[in-house]
Amino acid sequence: VSDTLERTEQWAQTVLQTPWVTIVWNDPVNLVSYVEWVFHSYFGFPKPEARRLTMQVHHEGKAVVATGTREEMERHVAAMHGYGLWATLQKEDE
Amino acid sequence: VKGFRRVEGNACLELPAIFAAELANLATQLAALISERDSHVSDAALERLLPDAYRGRDEDAAEFRRFTEEELSDEKVRGALTIAEHLASDGSSDTVSITLDPQESFLWLRSLTDIRLVLANRIGIDDSGEPAEYDEQLDYAWAIYVWLGDLQESLVRVVNH
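Going down the list, the protein sequences come from chains A and B. For the first sequence, the positions run 8 to 101 when the working numbering is used. For the second sequence, the positions run 552 to 712 when the working numbering is used.
Next up, chain B with everything else stripped away, as it sits in the complex (with noise of 0.2 Å):
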């Protein structure tokens, strides 16, 4: 699968309808998973979307947290559905195009990073970079955490420009 294009000042993306539907599928995920969240649960994903200000000083990252949070979740739960949106196909092609302007592709870069630091914690990947114990069963997790690497970098290239 290709990665991003530049065109015109813009960044143009042709996905096969599959791969654009399941990242369509995780940016709900995610969205979902930052609105829904509860904060008596703990989840290290959450914890490192909506990290703490501060270390050792947990009155001060409480106070900040309570300034800030709302608004942080809020932009995160944003991005992430105007993703799903642009992904979203009318099925009548097996192709979904994409192009995104500058201010498009800003959103795009926070929330793919947001979707792939969600995944980096379901499959356990490790300082190395890689899952820290591999099975079959993260195959496909992998290969989709891998992608949007790719996805990102080659928007990271587009914007760059």
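With the rest of the complex left out, here is chain A (with noise of 0.2 Å):
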């Protein structure tokens, strides 16, 4: 009964902690087909959606593109940083 408590906590836990997000940033340099093909390869987006994300980046300087624990946040950010964007990760409110 202890064990199942515990996991029960420690799912609330998580569950109910603020979600943290991962933010690609706008640079005049990553082409724009580039950082397209980069959101459709790695998180799997659609084409149009991965359109959508590299336009908002563009457009606006900068786009959300998932939202999870840190430690998942954490390793999209490593990955973006593989590719050559540049990204953070912070609380979702922040």
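Treat the hints loosely; a few may be bogus.
As the list claims (entries may be wrong) - Just so you have them, the derived chain B footprint on chain A, three or more residues with Cβ under 8 Å:
id : region
1  : 29-37
2  : 58-67
3  : 83-89
If you are wondering where the hints come from, they were derived from the structure by calculation, not from laboratory data. Each residue gets a CB set at the ideal place from its N, CA and C atoms; glycine is no exception.
Join the two chains into one complex using the hints; note that each chain is given alone, in its own frame.
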């Protein structure tokens, strides 16, 4: 029983936390077509969605490309840096 | 100079040897820039290649860096050196022919990005996508930068097929 309780508590702690987000920032160097390809091939977004997010980065200066736990967002940010995209993570409400 | 073409699922490129040598040289320089970096010397190009994962949270950024920077920088160095190898010419021809499978194309796209990011910093590309202060000394670097953009665009087209 205590085991179940503990796990429930852990779950509650995670689920109630403010989610984290991965943000990709605009830069004047990366090609629109390349950024689109990264969003499509890494995150698996369908092409129109990858396009929409890329244009959002391009025109608004940034876009939230993923939401989830801090650990997941850290993995995404590291991956984006591997692609040469400028990405950061933060709490959703920051 | 023509860009990449799609041939039977691969990306093919024929480059005049002099262009191949120029790109190989840039790739080798990139590998050296990253592997010989000194964390006490600030370089905006390196800060862009290996950026902070957190804004305004220095401790978190440092912690993240401690766990990820080595792998990330090693990967970038390996990528750049692989590009340089692909471009190596035996000097017997005025052109270098390159055939990339999808995995190699993936690596090229990422490494071309890194090279362009550093070049952009060195020529002072601003938000307009062009050099902030243009002078004739930049002619050559700017031409290379524009060429690499076209080259990358052609490779994106091939992998997007």
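Index of numbered hints that the structure contradicts, given in increasing order:
As far as the earlier hints go, only 2 is violated by this structure.
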